[in-house]
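Colleague: This is what each chain is made of:
2 protein chains.
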Amino acid sequence: MKILVEKFGGTSIGSIDRIKAIAQKAVLAQEKGYSEVVVVSAMGDTTDDLLALAGQISTKPRHRELGMLLSTGEVISCSLVAMAIQALDKKATSLTGAQCGIVANGIHTDAKIENIDTTCLKELLAQDEIVVVAGYQARNGDDIAVLGRGGSDASAVALAAALEAESCNIYTDVRGVFTADPRIVKDTSLLSGISYEEMIELAASGAQVMMGRAVEIARKYGIKIKVSSSFEDSPGTIITKEDCLEKVVITGVAANKNVAIIDIFGIKINSDVTAKILNKITEKQINIILMNSNNAGDGISNLSVVIKPEHIDNIVEALNWFASQGSINHYQVKNDVAQVSIVGSGIANHYGVAYEMFDTLSENSIAVLMTSTSEIKITALIPRENADLAVIKLHEKFELNNL
Amino acid sequence: MKILVEKFGGTSIGSIDRIKAIAQKAVLAQEKGYSEVVVVSAMGDTTDDLLALAGQISTKPRHRELGMLLSTGEVISCSLVAMAIQALDKKATSLTGAQCGIVANGIHTDAKIENIDTTCLKELLAQDEIVVVAGYQARNGDDIAVLGRGGSDASAVALAAALEAESCNIYTDVRGVFTADPRIVKDTSLLSGISYEEMIELAASGAQVMMGRAVEIARKYGIKIKVSSSFEDSPGTIITKEDCLEKVVITGVAANKNVAIIDIFGIKINSDVTAKILNKITEKQINIILMNSNNAGDGISNLSVVIKPEHIDNIVEALNWFASQGSINHYQVKNDVAQVSIVGSGIANHYGVAYEMFDTLSENSIAVLMTSTSEIKITALIPRENADLAVIKLHEKFELNNL
Chain A
1 MKILVEKFGG
11 TSIGSIDRIK
21 AIAQKAVLAQ
31 EKGYSEVVVV
41 SAMGDTTDDL
51 LALAGQISTK
61 PRHRELGMLL
71 STGEVISCSL
81 VAMAIQALDK
91 KATSLTGAQC
101 GIVANGIHTD
111 AKIENIDTTC
121 LKELLAQDEI
131 VVVAGYQARN
141 GDDIAVLGRG
151 GSDASAVALA
161 AALEAESCNI
171 YTDVRGVFTA
181 DPRIVKDTSL
191 LSGISYEEMI
201 ELAASGAQVM
211 MGRAVEIARK
221 YGIKIKVSSS
231 FEDSPGTIIT
241 KEDCLEKVVI
251 TGVAANKNVA
261 IIDIFGIKIN
271 SDVTAKILNK
281 ITEKQINIIL
291 MNSNNAGDGI
301 SNLSVVIKPE
311 HIDNIVEALN
321 WFASQGSINH
331 YQVKNDVAQV
341 SIVGSGIANH
351 YGVAYEMFDT
361 LSENSIAVLM
371 TSTSEIKITA
381 LIPRENADLA
391 VIKLHEKFEL
401 NNL
Chain B
1 MKILVEKFGG
11 TSIGSIDRIK
21 AIAQKAVLAQ
31 EKGYSEVVVV
41 SAMGDTTDDL
51 LALAGQISTK
61 PRHRELGMLL
71 STGEVISCSL
81 VAMAIQALDK
91 KATSLTGAQC
101 GIVANGIHTD
111 AKIENIDTTC
121 LKELLAQDEI
131 VVVAGYQARN
141 GDDIAVLGRG
151 GSDASAVALA
161 AALEAESCNI
171 YTDVRGVFTA
181 DPRIVKDTSL
191 LSGISYEEMI
201 ELAASGAQVM
211 MGRAVEIARK
221 YGIKIKVSSS
231 FEDSPGTIIT
241 KEDCLEKVVI
251 TGVAANKNVA
261 IIDIFGIKIN
271 SDVTAKILNK
281 ITEKQINIIL
291 MNSNNAGDGI
301 SNLSVVIKPE
311 HIDNIVEALN
321 WFASQGSINH
331 YQVKNDVAQV
341 SIVGSGIANH
351 YGVAYEMFDT
361 LSENSIAVLM
371 TSTSEIKITA
381 LIPRENADLA
391 VIKLHEKFEL
401 NNL
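These protein sequences, in sequence, are chains A and B.
Letter 349 of the first sequence, counting from 1, is numbered 349 in this note's numbering, and no numbers are missing.
Letter 45 of the second sequence, counting from 1, is numbered 45 in this note's numbering, and no numbers are missing.
Just to be clear, a hint being listed does not mean it is correct.
Since copy identity is lost for identical chains, a pair holds within one copy or between any two.
Said to hold, decoys possible - When the alpha-carbon atoms are kept at most 25 Å apart in a straight line, the in silico DSS-like pairs for lysine-lysine are as follows: (1) 257 / 186; (2) 20 / 60; (3) 112 / 122; (4) 220 / 122.
Everything labelled a hint here was simulated from the structure, so no lab data went into it.
Based on the provided sequences and hints, a complete structural model is requested.
Modeller: Structure below.
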């Protein structure tokens, strides 16, 4: 059985006409000999509308009820897409995440996929049914849970992995992965291919096209992802193993404007205070985007953490307690910063890249507040007002328009 | 445990403010010492909107997918109501029909409740949780099914029966059950009480206030139903056993304008043709509202069936086949008729009632095309254009404004 998993999100499923177009695409894939699984997001702004409803009722709704509420958008989509396929005289069955055997754990609005029981799916595919699955959701015990924003990508890739699919095609409203956000940089290039690692770093650095968690699942199971537009026949971008790709030094530039830095001063080295602070942050289920720690001399170290601004209050509360205990000296919050990153598998072997990046920022009078590097990424925290300028200048410097 | 089941439908759950009002009512019931189960319909026009979406995709959507689609409206409501109760600092858990243990069978858009496993419900109630259940839906095997229009009433009454609740309160946008439709008759009376049987007949005769099937369940298990407005504190109407009620001869007048008559002529008596025709109608899952058969002499009988107009095409198709086989002579379709009924437990013991009804119709020059009687109901099929006049005149004749 040659299985194809195809996921439709965003404006690709924003109207009745688009739903009919999805049905035609699914039937076409089946006629080409594929066993076809379609994964769908909610139509247009449904998820935002449901969130707004909940917001009118409660400022802090319980995750269990919020997950149940948000799951309905994808159930509507999947039943409508199945009906559209049936209207073309083909067999189709819609499945909720739970019916599809997707089991997740963790909090009900940001659950992680644990395993998928594909028995029911495989039976349906063996009967030539096109299976339409509600993305973004799973069963968590007897409850319904959702996988966090963009979770339909994770549903699609995890299903592709569980079914050993030939490919996972992600249809969206853009033509694929670009070297930078086309809304900021004018002459971006469409990447024909990108490695899992680069895509994960780009997603973590603010690129919106794919959810990083979904790419991690694809990397783990070696699933080839194709990202392309559902509005035109385009080659799109293939996300796969690095050795399947042509080598380029830098693949893209991305910025994340939704970050804040908290600098914590005066932590005694050889104490367990750093561990306790991190434990406190983890307890509150706050994701640390970046972290740096440095020795300030006199047996004292300073710690900087980069987080989403919405978590500031929670962390400050904990830090006030540590300060009252004398465990830290003081702290400062910087809420007007952005994270700019360049990503590329060639970075590790090209030592000049970091220099060129910081030189470009300096030439444009952009202050660097904090840095972080990995094998395939260099990140600078800079004033938020300079974020777009930095992306444009770095894109220019590394000639990403010529890829 | 003193259990109360309260169901909110129609405009009672049409807005965020109404949802907050439901939450307050539920908390109040709990404070009075009740273990509280809330059953909700979809908000406002949600079900119609979902049906319209499906209609844009397919003229004949598969029942399985349509059921799944329609179930989402009540899931949205129940999660929002649970959030609203939680926002009042009370414990609440929302459950879909399936999670609540409601199992149904039959077609997925008109399923019948088979049984309810109350284990989960009782556990939650024992923990002082207010349980908010999505009405109108159930589990059918591994699928999601809905119970047919107005099915939330059936969910509520069946839950009240399974939990041996003290009462099942149905909140709606009217003050209770009236002697006739207040939109047609000006001086209707609100009934303080009505027997199960009378309510079933009124519902079958076109009264919209309660689903007949729900009242049948209540009768079977002896569940007291109170129908009242959620917009004001009113005594409403109690639906209960006849011997708990003050006796009145006629309880109400109702009309159903959405009917058609098919007269079938020339069926040989002693043949199995009538059985075969009825079998054909049943096979197509068409509900016969009324049926009359009479001997036309010469070993020939005629058969008249009253059905919903949307089923005419289906029946005509079958009848053409019977005619081609010589099993029937011919048939005629009357699609401009209405069914007018008077209902009351006193009918059986008051022989003058039928005479008074037909005399009133005759006095007002209303033709009677077909009649049918039961212990507690007399029905006349009349020209559709006379339906409102008939209801007004009968209401006047039996002095129902003075109840």
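Colleague: List in ascending order the numbers of the hints, as given earlier, that are violated by the structure.
Modeller: Those not satisfied: there are none.
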